[in-house]
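There are 2 protein chains.
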Amino acid sequence: MSEGPNASDFHDLDPAIRVLMGPGPSDVPPRVLRAMAAPTLGHLDPDFLELMTETQVLLRAVFQTQNPLTIPVSGTGSAGMEACFVNLVEPGDQVAIVVNGVFGTRMVDCAGRLGAEIIPIEVEWGRAADPQAVADALKGKQPKIVAVVHAETSTGVCQPLTEIIAIAKEHGALMMVDCVTSLGGVEVALDSWEIDAAFSGTQKCLSCPPGLAPLSFDEKAVAKMMARKTKVKSWYLDLTMVGDYWGAQRKYHHTAPINMIYALREALRLVVEEGLDARFARHRLNHEALVAGIEGMGLRMLVPAAERLASLNSVCIPAGADDLGTRRALLRQFGLEIGAGLGPLAGKIWRVGLQGHSATERNVRLFLTALESVLKSQDVEAQPGGPEAADRVYARSR
Amino acid sequence: MSEGPNASDFHDLDPAIRVLMGPGPSDVPPRVLRAMAAPTLGHLDPDFLELMTETQVLLRAVFQTQNPLTIPVSGTGSAGMEACFVNLVEPGDQVAIVVNGVFGTRMVDCAGRLGAEIIPIEVEWGRAADPQAVADALKGKQPKIVAVVHAETSTGVCQPLTEIIAIAKEHGALMMVDCVTSLGGVEVALDSWEIDAAFSGTQKCLSCPPGLAPLSFDEKAVAKMMARKTKVKSWYLDLTMVGDYWGAQRKYHHTAPINMIYALREALRLVVEEGLDARFARHRLNHEALVAGIEGMGLRMLVPAAERLASLNSVCIPAGADDLGTRRALLRQFGLEIGAGLGPLAGKIWRVGLQGHSATERNVRLFLTALESVLKSQDVEAQPGGPEAADRVYARSR
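Protein chains in written order, with my numbering: chain A, 854 to 1251; chain B, 854 to 1251.
It is worth saying that the hints were derived from the structure and are not from the lab.
Treat identical chains as interchangeable: a pair holds within one or across any two.
Heads up, simulated DSS-like pairs for lysine-lysine below, C-alpha to C-alpha not over 25 Å straight-line: (1) K997 - K1084; (2) K997 - K1077; (3) K1104 - K1073; (4) K1201 - K1104; (5) K1022 - K992; (6) K1082 - K1104; (7) K1082 - K994; (8) K994 - K1077; (9) K992 - K1077; (10) K1104 - K1084; (11) K1229 - K1201; (12) K997 - K1073; (13) K1022 - K1082; (14) K1073 - K992; (15) K994 - K1073; (16) K1104 - K1077.
Kindly produce the complete structure, drawing on both the sequences and the hints.
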């Protein structure tokens, strides 16, 4: 190499310490960071194969499933979405998709590339789908798959699933659920709810760095995959092969992201140590305190109370407030990251995550007081009672 | 959750300390593990965007290219392969692929799924392709892409590229190269060699944990991608969108694997600190010492000297030796991982990696003495002069 950068051009890595209250990643506990930095094992090392087994046992516990095919896909959450569609869709299959945000829209794009005949079920962004609308859309159709986003990260909507699952079953369709922003923070019970295929990400309520996509297929989903007439379009995500690596055979397919799996195992251990019910309650409590604080300040939530997602809170930007300026000030003055609105909600909402390790009283109080301070600096009218309203929620819980 | 595993069922992560001399992953330097464990930033945090830029500058230096589209794909090495094919192949395209090992075979599988009309160029496993065979196979054909594996990890062959690249250019085809086991250990010079598309992995000669796939497209590859008549079959790997996140726009596509990128940046810094030429020379020296030791013991290398890959050494298993027993003994007695043969070479070779941080005199000596000891315990005849033959190579270099 004749020319090029000098080593001295690049400083030692020293990222700022943030409080991550955006749409994800969430704050990663030191235990998870430490586990990730353990020495790398080979992907066929007997010690690593044992860690894989343990990771699968823990993942099944968190997904509340006995599905043998429960694995972390070697990519971020969207790779989990793609793995679901690429393995389950064959060209010409009817696939019904609820579209009420970025991630439903993304599903349509993904399934469409694979030759699916999409049945879109369009719903206002910021609202959950009415099961009746789903039933109506499916009348006279033969969908092979019904897909919904459980936790719409772009809007803060938590989609009730029971009735939609029943409708999918009536049509003999597989039920596929995007649990990226719910798993580990808001209940997801694959077996008792009869979800056939689900995917998630590690960097939301599991508080592990991004890089893996937990996925689970039940026997019906596996049967559809095994009965394919066409080869899966993706070599990398072909679960008939990836499943042999994570199954009893441990047959080499691709090199697994070893250290990311260390991190996921540790993050899942933390979930099991806390207990799922306690964890869901913690997310719910901090969400209620945050909403009380926001409403106490006279601001508005985008999503109606019954449809709100604890792990992602969409706050309407008040009149006169500077969207970007507020986010920048929170980051610079308080080290606090929140998210911007996407698509039609850009400039209209802030997205405030309470996910995993980030869902704490301390963070809720920091956000409320910091937001109050920044809005005041912009001469935006906000009532002074925000933090105190949150107090009352926490007092109730003690 | 009613039942399920108890937290106490899972011990603190404490993987064995190995010496990784298999086909990869290689040993990861403590600096890289430490960098990976730095606190997670958001994927749109201004500090992280800067780290992305630096990672790209460093990646370009290591690929020896100015290509703007030089990025780490969010998956392991095989995701890099898939990203190349899925973005560059349209149904019906003729794609010529040299097949002389597992990774050429994998390319055929991957491109075939995308509707490519494959022109396979079959070569004996353990040998490089003769450029004349490539020229003959392409006669009368109109290949859009010619794809070869530079460093065949399954056999230990380093494919000379100059003439094959010239043949591809004569046909107006894009030249695509799998550099998974060469990048950072054996020279790869994208611009001066006129390679149009290349992919690699992080866990080989870059000595970063697995989880990212460095990839680079030149302007011809980008032009073919932008002129597609059909949408890229993969949403996750669609570089027309992923490129916007890594490009000037920094437009959100999917959440990047933040901490893996910390690790890659640090691994690349280490490469630049050492210098590419010094690094290639180190790989070459330790390879020569290992070969001298193997031949000094009276054992044989699979690949003819002129076609050998420094970073992956395939040693023929001597008569009477127990393949699995030897690998197990090396792991249990010496903490030393080497790789098994794959496919037609299973049971016939051992694969000994000298990649990145693992390519050291200390490791070569450990391997030779450990192998000598294990073979002796199996009553396999091996000449006693192995380690001494390696001595002579190191002495020459001082």
